[in-house]
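J.: Below, each chain spelled out in residue letters.
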Amino acid sequence: MKQADAIKTYLAQQIEEIKLGAVTAGQVSGDQRLIQDLGLDSLDYATCLLGCEKWLGIKVREEGVDWSQIQTVDQLAQFLEAQQPDA
Amino acid sequence: MILLDDHQPIPDAYTPGGMYRVRVGTDERLVDQARTLWGFARRALRDPLELALDPLAEPDIPPLADLESTRPAQTGCTRSTLTLFSSGTTGTPKPLQHDLASVMQRKRAGETGARWLLTYAPWRWAGLSVMLHVLKSQAILIVPDGLGPETLVRAAEQAGATHVSLTPSFLRRMELTCGEQALRTLPLQQVTFGGEAATQPVLDTAGRLWPTARISHVYASTEAGDVCAVSDGKAGIPQSKLTGERFGFTEDGELTIDGRATGDLWELRDGRYLFLGRRQEMINVGGAKVSPYEVESAALAIAGIIECRAYAVPSPLLGQVVALDYRGEADEKTALRTLREKLPKIAWPAQINRVDTIAMTDAGKTQRIERQNP
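Just so you know, the sequences run in chain order L and W. Throughout the first sequence, residue numbering follows the working numbering, covering 1 to 87 in sequence. Throughout the second sequence, residue numbering follows the working numbering, covering 1 to 374 in sequence.
Note that these hints are calculated values from the structure, not bench results. Glycine included, C-beta positions come from ideal geometry on N, C-alpha and C. Heads up, a few of these hints could be off.
[To be verified] Derived CB-CB ranges, DEER-like: (1) Ile-369(W) with Gln-75(L): 29 to 39 Å; (2) Gly-304(W) with Trp-67(L): 22 to 32 Å; (3) Ser-102(W) with Asp-66(L): 53 to 63 Å; (4) Ile-369(W) with Glu-63(L): 33 to 43 Å; (5) Lys-136(W) with Lys-19(L): 27 to 37 Å; (6) Arg-260(W) with Ser-42(L): 51 to 61 Å; (7) Met-1(L) with Thr-256(W): 21 to 31 Å; (8) Ala-82(L) with Glu-245(W): 35 to 45 Å; (9) Asp-66(L) with Gly-248(W): 40 to 50 Å; (10) Gly-39(L) with Gly-319(W): 35 to 45 Å; (11) Asp-258(W) with Met-1(L): 53 to 63 Å; (12) Trp-67(L) with Val-355(W): 44 to 54 Å; (13) Asp-99(W) with Lys-19(L): 51 to 61 Å.
[Stated by the list, open to error] Derived lysine-lysine pairs resembling BS3-like cross-links, with alpha carbons at most 25 Å apart: (14) Lys-19(L) with Lys-342(W); (15) Lys-289(W) with Lys-54(L); (16) Lys-19(L) with Lys-345(W); (17) Lys-107(W) with Lys-234(W); (18) Lys-333(W) with Lys-345(W); (19) Lys-54(L) with Lys-2(L); (20) Lys-54(L) with Lys-345(W); (21) Lys-333(W) with Lys-59(L); (22) Lys-19(L) with Lys-333(W); (23) Lys-107(W) with Lys-2(L); (24) Lys-59(L) with Lys-19(L); (25) Lys-59(L) with Lys-289(W).
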């Protein structure tokens, strides 16, 4: 099982790739909002999520998820941490 | 490998007026299946016979008994029919009956001395269609021992195949497995693509491999049978060939033939209809439709990608997003960057996987619907 910090690091790399280097991993901090601050759109967000699913070997369970509550890098990392089977 | 021609004996073991169920075997039984079907097809051209291909062969198709209510009448058979099962656009398999005489009437007789290589499973429409064309032309059918690319190329070499019908995906697979040199030596006079969109690079590749051959592509479906053929060396179908009483298009570009939906989506561009994909294959990214062919064409133009498939994966945020599997030396990051430069954003693969094999159906088509787990 991967901890939220490790997931956050991976997310930062994902965001750098998705933004084609317009944002570097080093510039990404936990309290930044994915859409408003980092400039991701819904497709970027979905791509990011899918990349994490592949990396973590999980399938995100959608039931009861309130996506409006998952806005920052930290929130997404914590959400993904909790999605792992051993969590 | 066997050669089938008009001198083969016609089998007697069938039930006149009844459904003859041809059980599908594995590659090892291909020759027997082809021989059986060949015999019954010849018989059906002479005597009334209802020939139905056994849906039990397909693991995802319900047993025949469940389809009883839609099964064609079995009494008073005066004309031969072929019954195939298609999942069509609804995903529910249904029997589709073709009148054999009408099917044969629509076929143009080819060259008598032609030696056709059977590259499709004979229990599929594509395989049967080749078989019936060969029967009409009084030509020779080369039945390989299996449907793998090496087996097919070997059979074509040994039996001197002059005519071949194949999917674009299968040409790519043959190129990869056997190499261009082996393909160039085949004495082909006619190459016919079907089953999938024959894109311009595919037609150009065939033209380069067999410069003296006639290269054509056909549009056919289990539901409608043979529809049209194009031999001008260009991708797409001239508008005139899909115009007339039989044809119609829905608002989103689905072709209907004789009022029946085909499940195939087309786009009219510069006087030609370009195939976008099967309705079930289209990738619905947040309500926008992405054609897997568009993504695959862009991927195949990247150095180091030799075979690929684009398909939908579920996304909690957008419903579906595009995924791409590919074979080749290209690394995933470079491939992804290149695709992002070439494609509109909606078509960017959200997931890209370098894989060892690309799934293919026994009709020789790239498998675009089955989801691969992350």
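J.: Decide, hint by hint, whether the structure agrees.
T.: Results of checking the hints against the structure:
no. : hint                                  : in the structure
1   : Ile-369(W) with Gln-75(L): 29 to 39 Å : holds, 34 Å
2   : Gly-304(W) with Trp-67(L): 22 to 32 Å : violated, 37 Å
3   : Ser-102(W) with Asp-66(L): 53 to 63 Å : holds, 58 Å
4   : Ile-369(W) with Glu-63(L): 33 to 43 Å : violated, 25 Å
5   : Lys-136(W) with Lys-19(L): 27 to 37 Å : violated, 59 Å
6   : Arg-260(W) with Ser-42(L): 51 to 61 Å : violated, 37 Å
7   : Met-1(L) with Thr-256(W): 21 to 31 Å  : violated, 53 Å
8   : Ala-82(L) with Glu-245(W): 35 to 45 Å : violated, 60 Å
9   : Asp-66(L) with Gly-248(W): 40 to 50 Å : holds, 45 Å
10  : Gly-39(L) with Gly-319(W): 35 to 45 Å : violated, 23 Å
11  : Asp-258(W) with Met-1(L): 53 to 63 Å  : holds, 58 Å
12  : Trp-67(L) with Val-355(W): 44 to 54 Å : violated, 31 Å
13  : Asp-99(W) with Lys-19(L): 51 to 61 Å  : holds, 59 Å
14  : Lys-19(L) with Lys-342(W)             : holds, 16 Å
15  : Lys-289(W) with Lys-54(L)             : holds, 24 Å
16  : Lys-19(L) with Lys-345(W)             : holds, 12 Å
17  : Lys-107(W) with Lys-234(W)            : holds, 22 Å
18  : Lys-333(W) with Lys-345(W)            : holds, 16 Å
19  : Lys-54(L) with Lys-2(L)               : holds, 13 Å
20  : Lys-54(L) with Lys-345(W)             : holds, 21 Å
21  : Lys-333(W) with Lys-59(L)             : holds, 22 Å
22  : Lys-19(L) with Lys-333(W)             : holds, 13 Å
23  : Lys-107(W) with Lys-2(L)              : violated, 62 Å
24  : Lys-59(L) with Lys-19(L)              : holds, 24 Å
25  : Lys-59(L) with Lys-289(W)             : holds, 24 Å
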